[in-house]
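Residue 94 in this note's numbering is what sits at position 15 of the sequence shown, and the numbering runs on without skipping anything.
Misleading hints may appear alongside valid ones.
To be verified - Pairs of lysine-lysine, BS3-like flavour, derived with a Cα cap of 25 angstroms:
1) Lys269 with Lys313
2) Lys269 with Lys287
3) Lys102 with Lys174
4) Lys267 with Lys287
5) Lys174 with Lys266
6) Lys174 with Lys287
7) Lys138 with Lys102
8) Lys332 with Lys287
9) Lys332 with Lys138
10) Lys313 with Lys332
11) Lys267 with Lys332
12) Lys332 with Lys266
13) Lys102 with Lys83
14) Lys269 with Lys174
15) Lys267 with Lys138
16) Lys332 with Lys174
17) Lys269 with Lys332
18) Lys269 with Lys138
What the hints assert, rightly or not - Computed beta-carbon distance windows for the label pairs:
19) Phe327 with Pro226: 26 to 36 angstroms
20) Val293 with Thr147: 37 to 47 angstroms
21) Asp291 with Ala230: 38 to 48 angstroms
22) Ala230 with Ala256: 20 to 30 angstroms
23) Val251 with Pro126: 35 to 45 angstroms
Please keep in mind that the hints were generated in silico from the structure rather than gathered at the bench.
The C-beta atom is built at its ideal place from N, Cα and C for all residues, glycine as well.
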Amino acid sequence: MSEKEVLYARQGAVATITLNRPKRGNALSGPMVNQFVDILNSAIDDPAVRVIIVTGNGKYFCTGMDLTPQGDTPSASDPVAVTQTMFTTLARCPKPTVARLNGPALGGGVGIVFACNFRIVHQAAYFSMPEVHRGLIPALISEVIVPQLGAFRSKQYMLSGERVSSQEAYRVGFVTAVAEDEETLDKKVKEYVGLLLQSGPGAMRDVKMLVDAVDLRGGDQKAVVGYVREAFGKMITSEEAAHGISAFASREKPNWDEFSLGSEKLKSKL
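Can you make the complete structure from the sequences, with help from the hints?
This is the structure in structure tokens:
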């Protein structure tokens, strides 16, 4: 039986999805993309999961789409649609996502990184979008990269295919932290996960929705003001907010276990 190309593990409220084709640089095959989407949706639907980590096995985080012939290997009926779904589902995930970069990210791997909310990077890692060197364009990943990176940097990196070091990525501002070794990498991931687990699941979901909505309405100030006022009104009257405020007033840590996403108490405030 062949080894699974995407691994899944859950420890408490933290789910870890691992790209597992180390001999191929974790390049994304059709079946691998299908597995990733299925596993990601399972983690999203699991009320016990509050944080999702994405990482790679081996030297690379992910070297992008596998361009080698797949032979008779079963793939998606519409590989383009499923691959696009992978990026958009991760980007719109209602739970906070952390990319743990064990190594370089290329092409579609960069898309996975930009679809995550936090990006903790090993110092030896780098980023590259070398599609143009093969006569291709990074079309599917552009949806998650260009809005964050901006037109100037996007064109620079996508036209040149240059390698962007972890230190440069941090300077430019598209990674959260750089770790000097694997032990520090895991320590930094654990630190951010710890911060996320202190936060209300519904509040984190609504923060993500709020930021995306404000960003999309950036050209319409009236729409932004109206949306923000509505969001505040719904938030301040929620059970989760009442619990958090009460815990703060009592100098106690809030217990978010009963506020898992999908529960009646956590119908979206937005």
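Index of numbered hints that the structure contradicts, given in increasing order: 1, 3, 9 and 21
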